[in-house]
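Participant: Same order as they appear, the protein sequences are chains E and D. Residue numbering for the first sequence follows the working numbering, starting at 1 and increasing by one per position. Residue numbering for the second sequence follows the working numbering, starting at 1 and increasing by one per position.
Keep in mind the hints are simulated off the structure, nothing from the lab. Any given hint could be a false lead.
Stated by the list, open to error - Calculated lysine-lysine pairs in the DSS-like style (CA-CA distance at most 30 Å, straight line): (1) K125/D <-> K843/E; (2) K125/D <-> K383/D; (3) K95/E <-> K491/D; (4) K491/D <-> K518/E; (5) K515/E <-> K362/D; (6) K75/D <-> K499/E; (7) K770/E <-> K760/E; (8) K518/E <-> K127/D; (9) K518/E <-> K362/D; (10) K110/D <-> K95/E; (11) K127/D <-> K491/D; (12) K408/D <-> K519/E; (13) K323/D <-> K841/E; (14) K543/E <-> K408/D; (15) K154/D <-> K77/D; (16) K95/E <-> K154/D; (17) K336/E <-> K408/D; (18) K95/E <-> K64/D; (19) K408/D <-> K488/E; (20) K488/E <-> K543/E; (21) K64/D <-> K75/D; (22) K127/D <-> K515/E; (23) K843/E <-> K323/D; (24) K154/D <-> K519/E; (25) K336/E <-> K64/D; (26) K841/E <-> K77/D; (27) K412/E <-> K186/E; (28) K841/E <-> K75/D; (29) K515/E <-> K125/D; (30) K323/D <-> K336/E; (31) K515/E <-> K323/D; (32) K843/E <-> K110/D; (33) K408/D <-> K518/E; (34) K186/E <-> K843/E.
As the list claims (entries may be wrong) - Calculated from the model, a selection of chain D residues having no Cβ within reach of chain E, i.e. all distances over 10 Å: (35) P98; (36) Q122; (37) S235; (38) G253; (39) G257; (40) R260.
The C-beta atom is built at its ideal place from N, Cα and C for all residues, glycine as well.
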Amino acid sequence: MRIPTIILAALAGIVPAGAAPLSYNRDVRPILSENCFACHGPDPGTREAKLRLDVREAALDKEAFVPGDPEASELVYRITTDDEDDLMPPPDSHKALTPEQKDILTRWIEQGAPYEAHWAYLPPKRPPVPEMGEAHPIDNFILAGMPPGNRALSPAAEPSTLARRLSFDLTGLPPAESNIGNPATKIDSLLSSPHFGERMAVFWLDLARYADTIGYHSDEERDVTLYRDYVIEAFNRNMPYDQFVKEQLAGDLLDDPTTDQFIATSFNRLNQISEEGGIQDAEYITKYYAERVRTTSVAFLGSTMGCAECHDHKFDPFTAEDFYAMEAFFADIYEKGAYNGDGRYNEGADIKAYPGFRLSQWGPTLDIPEPGVAEELARLARKKKGAEAELNRTTPELESAFLAWVAELKAKAGDGTPRDVPMLEDDELPLGEVKTVTENVHSGRLARHQQGDGVVQHIVDTKKTPVTVADGDVFFAWVWLDPADPPKQLMLQFHAGGKWDHRAWWGGDHIPFGKGGKKGGHHRVGDLPETGQWVRLEVPAAKVGLGGGKTITQLAYAQHGGTVLWDLAGRQTADPHGVLAGLSDPARQALTQDGPLEEPQKEALRARFREVTPALAPIRKKIAQITAEETAAQKRKRSTLVTLSATPREVRVLPRGNWMDTSGPVVQPAVPGFLGKADPASGDPESGARLTRLDLAEWITARDNPLTARAFVNRVWALFFGTGLSRDLQDLGNQGQWPTHPELLDWLAVEFMDTGWDVKHLVKLIVDSKTYQQSSHAPADLIEADPYNTWYARQNPRRLPAEFVRDNALAVAGLLNRTVGGANARPYQPAGYYRELNFPKRKYQAHTDDRQFRRGLYTHWQRSFLHPMLMAFDAPAREECTASRESSNTPQQALNLLNDPTFVEAARVFAARLMSDHETFPARLEAGFRELLARAPTGEEATLLTALYDRQLGRYRSAPGDARALLATGIAPAPAGLDPAELGATTAVTRALLNLHETITRY
Amino acid sequence: MTMPGAGTQNMSIHRSEFVLKSQSSIEINRRAFLGQAGIGFGSAALLSMLGGRALGAGIEASPKGLPGIPHHTPKVKRVIFLCMAGGPSHLETFDHKPKLDELHGQPMPKSFTAGQPIAQLQGQKLKVQGTLTKFRNHGTCGQPVSDFLPYTAKMIDDLCVVKSMVTEQINHDPAHTFMNTGTAISGRPSMGAWVNYGLGSESEDLPGFVVLTSVGGRNPQPIAARQWAAGFLPSRHQGVEFNSAGDPVHYVGNPPGVSRRHQDALVRTIRQLDRRRDALVDDPEIRTRIAAYEMAFRMQASVPELTDVSNEPRHILDMYGAKPGDGSYASNCLLARRLAEKGVRFIQLYHRGWDHHGGLEKYMGICCGLTDKPTWALLTDLKQRGMLEDTLLVWGGEFGRTPMYQGKGGPGRDHHIKGFSMWMAGGGIKPGISYGATDELGYNAVQDVVHVRDFHATMLHLLGIDHHRFAVKYQGLDMRLTGVEPAHAVKGVLA
């Protein structure tokens, strides 16, 4: 929506209407952009009559108007005619010019139809500060913008109001004390508070679309909390904004990047990703690239390039090629499109080439040990070394035990020649239902006769002859197939590790057991053997997934149909007693050879001896414990996704954004043409080197980039006034807003850059001004004259952002956990809220310790189902970059503050504290008001709340069970010694206070 | 400014800048504010900058929508959207293709599939899957309905089956987003939010957009709250999900140990305190807050009462097959009728079991078993109460299923976006017809193609809204539910 500011000004009596010199940017372009450019603008795809009005020469070429002569101008005829066929904009466009707009266009042509480049696309220059008699530049600019005769700011806010305003605006927390003292000192102390970074992070994380889950489909978790902490820390350390931008877009490409700079690059990986089955890798890569262009353009440039994905921008000079050339900057990001197993990383990408990184389920990942872990690991290593020395010491007693052990092993080991060891002896038969025969047996006295129509099997425990498989073992079983009734299939099944997961079979695939199983789970050996004779079935143990050392507990002999005699079964092994498994080669050799042992052989055997001898069990246990502690310490780490640079993917212009259409030209990384050119890092523009993300970041933060500083300064202004100097915080382009104070915006942008992109300086500058510190309460005539506060002749009262609504209640109650940074927090949440999630199903567990009371910005950010409290108070799901939040006022908010256990608990703890600290109800009430609202209650307020207190007290006295139920809300312990009825009634009062509009508003 | 696009005008109020060209336009804007100022408002900061005194009277408890809307006389007051999430097979419901049986097991002709988007069947041999059920013609209109849907067959004379739907997204998440918001980009307003934004709510004590999800069916695809989000519209227009367990709406129950009478005393005290504050600082935002607390307190009584269907007569419960409190689709259909009676503008039911890559016969049996009769009961019940004539009832998924075989545990079908079926019924809809057609294999919609945005345009048209003129400025663009590509209300389905 365009503001014909001139008319607003005229209304207010600044200049007489009609005489004002028109500004193309302020007055004309908005009208043309809104009404004409869609068909007569930058996009040739939709251009009508080959006429474009956004470029003066082109418009003159087509004789759209005659400068200085409205009468002779086609444009004037077209917008004023009664002929519907000729009228512009055409009626079917559903656009229409107002008489005032027609008048502006006419007068503009009369004045020679001068064009200006769009204000936001020209590098800002520092305008002179108007001399309005104020010390502070902002106040001078603001006063100069007011109509003459009305040039006054509102009086300064009450000290207590200002204390509360500054505290919320700079830290998101209520003031520690309502006495402001010296505002300048207060501002410095708030700016150096670690909570300043948290406050700024709430703003930045919306732009960075930071969340704790992947977003699409299953919306699984992925840990990027280190990035959130990086943002907090960056603002706390007052990192220059240009550096902040570079590290996030291209920290990995800086010289010798620090760990923090790698963490910063999580930014590029915060986009939504998908693991949905059946998605196309290339399609999702397209989605990710497009999202990054949208985010980069809005977050850093305050420009909306999104629509150029499908066509040239209709209002700004962004072309579709610009869009894809911007995508190409991100084509080197080591990632895949489909995280479901089908996706492929960039060609040739190999994580081994990036030491210190690993590929997690969601791509390149950096692990950071928690503080103290390195020291802990060093300590454990020292401890382990000592314990190992103890293990390795030699004593005469141990040596003789060793020699006896070797002799015993040698006796058991045999000579290393494989031989058959039966697993089932005749004397174990009969077994259950198994039929035995004595005729036609292969060995011993008995054979098992098994016959059936379908699957039939018998299962044998191997308990009597426990079987530990040795390397190289081969299983065998003798069978005789009845020529008159042959089976369709034979199968041997081995039970190991608690599972029937090791099967060998012969013949057709009829038996359902293990079908489709993993390697070794369902191994076909070959065809059925000859019938009418005893045949030895054989299968190497390794083929059914049983390596050396595995223990078999059961064996099943299965067949499909037919009649089969089963006889001797077992394994062919060189190590019938299983003493060789797990031994090193020299040790194995030593045991199977004749003659004396040589020293290296002895040493190898000693190593094994130390592992098994009961004499050393206590020290082994100690070492195992240290190892477990080491493993646990190594797990005490945090991880984050990072950007690594790999082979760039090919990026083409996709006609109408269609990822399957590869007819468009291949593009190289480039910045939007009309905004200039980015130089390659080599410094030689002619080198032809491919531009990188770092080049993009350098261009974004270059002194002459017209958008970056303006976009940031405008948004920071909005943090402290509720509205930007250009009111659309998303878009500074043609469809954005002509600033209410263009000179001030430019002055601040230049000041920001000149001070080295100093964020705290910018903030301090703003909050130091009288404009910021003035009262938000205005007399009716001022509101009447300037209803939308475009003059800034008063402050704007604002509802607190979602996170701070929570923080305020917890802080005043004394419950707030003020830890800065760290893992996510899980506050109370309605049961079953995640029931619509799947793959996997989710169950939310609220934290039951101090993490319950962490600040709102640490709340687990589930994109598909944002915490209901955050959602009710307009926090975005952060699926996409968000530059401004709504500030709604809804029944859901009321229900939340009334009934959410977080607020009920805060109320009861607040009440308990008031009771402990103060003797009487009036004193408690007074203290409650001061702590929450930084003021005393009025007489009327005290009367109302006392009445509420008395009623509730009576009720809880007569129903003490209800009081106890109320006071059991939440996990915070209730202090002993307080009367439950009194506490219940006081809680009703604190609930009322926490629900006041004033409580959640910063004035 | 003369503004036929009232949506744009209103947007200017809550999102960005203000057009003030004369004293009278200030008054117009103020009236717009009043309309908006009921129980919620897009920008508290801006609202509170509007002088309080001029706004002192006339705060309404219920938002009344945008000035200038409806653009024309509406045919319906409300929409009930029955979303069969996962994508039911058009080839086993309404779109009978005998040719599939003829070609069953043969390779799918390449002329259909070459260069087409494919989901889970990527890289696999594509072969034709014959129809997995029988079709019969039903009703006086004689339209084919599959044997999976005997109750739907009974009401076929009331339905307009659109057999030529097409969409643009082939995977569940973005396809739902596309169906609900008209774009695959996350975070844009859903159709329920759009409709409430334009028309306002008719209910004094219920949200204008209610979402009901149902238990039962095949291992369901996940679904995200973005499907009913308000996007860049004021957040009070977002869908409110009703829960079958716990509080029916989040935080609608009092805290433990607090009775309704005492909650009443508390809320009254809060309102009185807020009023006193308002008298001091004269802030319209406080008056909105007071109205919000009034409505919240009413909701605390009305929502549990509304969601408790146990007081419905036995024959009604039996007609739906509803068991109070079971969270089933049947109970939700009954609840949908009750919500409709209370003036809820947009009701969306999700049944999430329709993703039949394999075992299609079995799972169609289960899903239709859970939904067919309740859907019939809902239509019949609305009809017998005279409400069908001002309700638009819609049935469909986010896409259809391939004519090609997929076999994840028995024959099934993959996702398909080039042709599928939905039905509409109710006010302004031509009953007993089918509209559009797919080709002989049910692959491409070939006749009277209805794009999702055409469906949106049609729905808005029935509600009295011209989709061209229903835009909101966001990120420098005129955003519409129907997007920027051409879209049209489908005349052929209109009575």
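Participant: Each hint needs a verdict: does it hold in this structure or not?
Facilitator: Each hint, compared with the structure:
1. A C-alpha spacing of about 39 Å is found between K125/D and K843/E, which places the hinted pair above 30 Å, so the restraint is violated.
2. With a CA separation close to 47 Å, the supplied pair K125/D and K383/D exceeds the 30 Å bound.
3. Restraint check for K95/E and K491/D: satisfied, since their Cα atoms lie roughly 25 Å apart, inside the 30 Å limit.
4. Using a Cα cut-off of 30 Å, the hinted pair K491/D and K518/E is violated, with the two alpha carbons roughly 57 Å apart.
5. Taking the CA atoms of K515/E and K362/D, the gap is about 22 Å. The hint holds against a cut of 30 Å.
6. Restraint check: the Cα-Cα separation between K75/D and K499/E comes to about 64 Å, which exceeds 30 Å; the hinted pair is violated.
7. Of the supplied pair hints, the one linking K770/E and K760/E holds, its CA atoms being roughly 18 Å apart against a limit of 30 Å.
8. For the hint linking K518/E to K127/D, the alpha-carbon distance of about 28 Å falls within 30 Å, and the restraint holds.
9. About 27 Å separates the Cα atoms of K518/E and K362/D, which keeps this hinted pair within 30 Å; it holds.
10. Simply put, K110/D and K95/E have alpha-carbon atoms about 47 Å apart, too far for the 30 Å limit, and the pair is violated.
11. Between K127/D and K491/D the CA atoms are separated by roughly 37 Å; this puts the pair beyond 30 Å, and the hint is violated.
12. Under the criterion of a C-alpha separation no larger than 30 Å, the hint pairing K408/D with K519/E is consistent with the structure, at around 21 Å.
13. Proposed proximity of K323/D and K841/E is supported: the alpha carbons are some 25 Å apart, at most 30 Å.
14. A hinted pair counts as satisfied when its Cα atoms are at most 30 Å apart, and K543/E with K408/D qualifies at roughly 28 Å.
15. Simply put, K154/D and K77/D have alpha-carbon atoms about 25 Å apart, close enough for the 30 Å limit, and the pair holds.
16. Simply put, K95/E and K154/D have alpha-carbon atoms about 47 Å apart, too far for the 30 Å limit, and the pair is violated.
17. Restraint check for K336/E and K408/D: the C-alpha separation of about 25 Å stays at or below 30 Å, so the hint holds.
18. Distance restraint check for K95/E and K64/D: the Cα-Cα separation of roughly 24 Å lies within the 30 Å cut-off, and the hinted pair is therefore satisfied.
19. At roughly 27 Å between alpha-carbon atoms, K408/D and K488/E fall within 30 Å of each other, so this suggested pair holds.
20. Of the supplied pair hints, the one linking K488/E and K543/E holds, its CA atoms being roughly 22 Å apart against a limit of 30 Å.
21. At roughly 18 Å between alpha-carbon atoms, K64/D and K75/D fall within 30 Å of each other, so this suggested pair holds.
22. With a CA separation close to 25 Å, the supplied pair K127/D and K515/E stays within the 30 Å bound.
23. Straight-line distance between C-alpha atoms of K843/E and K323/D comes to about 26 Å, which keeps the hinted pair within the 30 Å bound.
24. The straight-line distance between the Cα atoms of K154/D and K519/E is roughly 53 Å, outside the 30 Å bound, and the hint therefore fails.
25. Our distance criterion of 30 Å between C-alpha atoms is broken by K336/E and K64/D, whose separation comes to about 47 Å.
26. Simply put, K841/E and K77/D have alpha-carbon atoms about 37 Å apart, too far for the 30 Å limit, and the pair is violated.
27. Using a Cα cut-off of 30 Å, the hinted pair K412/E and K186/E is violated, with the two alpha carbons roughly 84 Å apart.
28. For the suggested pair K841/E and K75/D, the alpha carbons sit about 42 Å apart, so the restraint of at most 30 Å is broken.
29. With a C-alpha separation of about 23 Å, the suggested pair K515/E and K125/D falls inside the 30 Å cut-off, and the hint holds.
30. Proposed proximity of K323/D and K336/E is contradicted: the alpha carbons are some 47 Å apart, above 30 Å.
31. A C-alpha spacing of about 41 Å is found between K515/E and K323/D, which places the hinted pair above 30 Å, so the restraint is violated.
32. Our distance criterion of 30 Å between C-alpha atoms is broken by K843/E and K110/D, whose separation comes to about 45 Å.
33. Under the criterion of a C-alpha separation no larger than 30 Å, the hint pairing K408/D with K518/E is consistent with the structure, at around 18 Å.
34. Between K186/E and K843/E, the direct Cα distance comes to roughly 44 Å. Violation of the 30 Å bound is thereby established for this hinted pair.
35. Interface exclusion of P98/D from chain E stands, the closest Cβ pair being 28 Å apart, more than 10 Å.
36. Not every CB of chain E is more than 10 Å from the CB of Q122/D (nearest about 7 Å), against its label as outside the interface.
37. Under the 10 Å C-beta cut-off, the non-interface status given to S235/D relative to chain E is violated; the minimum distance is some 5 Å.
38. Listed as outside the interface, G253/D is inconsistent with that label: its C-beta sits roughly 6 Å from the nearest C-beta of chain E, within the 10 Å cut-off.
39. Under the 10 Å C-beta cut-off, the non-interface status given to G257/D relative to chain E is violated; the minimum distance is some 3 Å.
40. Non-interface status of R260/D relative to chain E is upheld: no Cβ of that chain comes within 10 Å, the nearest being about 12 Å off.
Violation of the numbered hints given earlier is confined to hints 1, 2, 4, 6, 10, 11, 16, 24, 25, 26, 27, 28, 30, 31, 32, 34, 36, 37, 38, 39; the remaining hints are satisfied by the structure.
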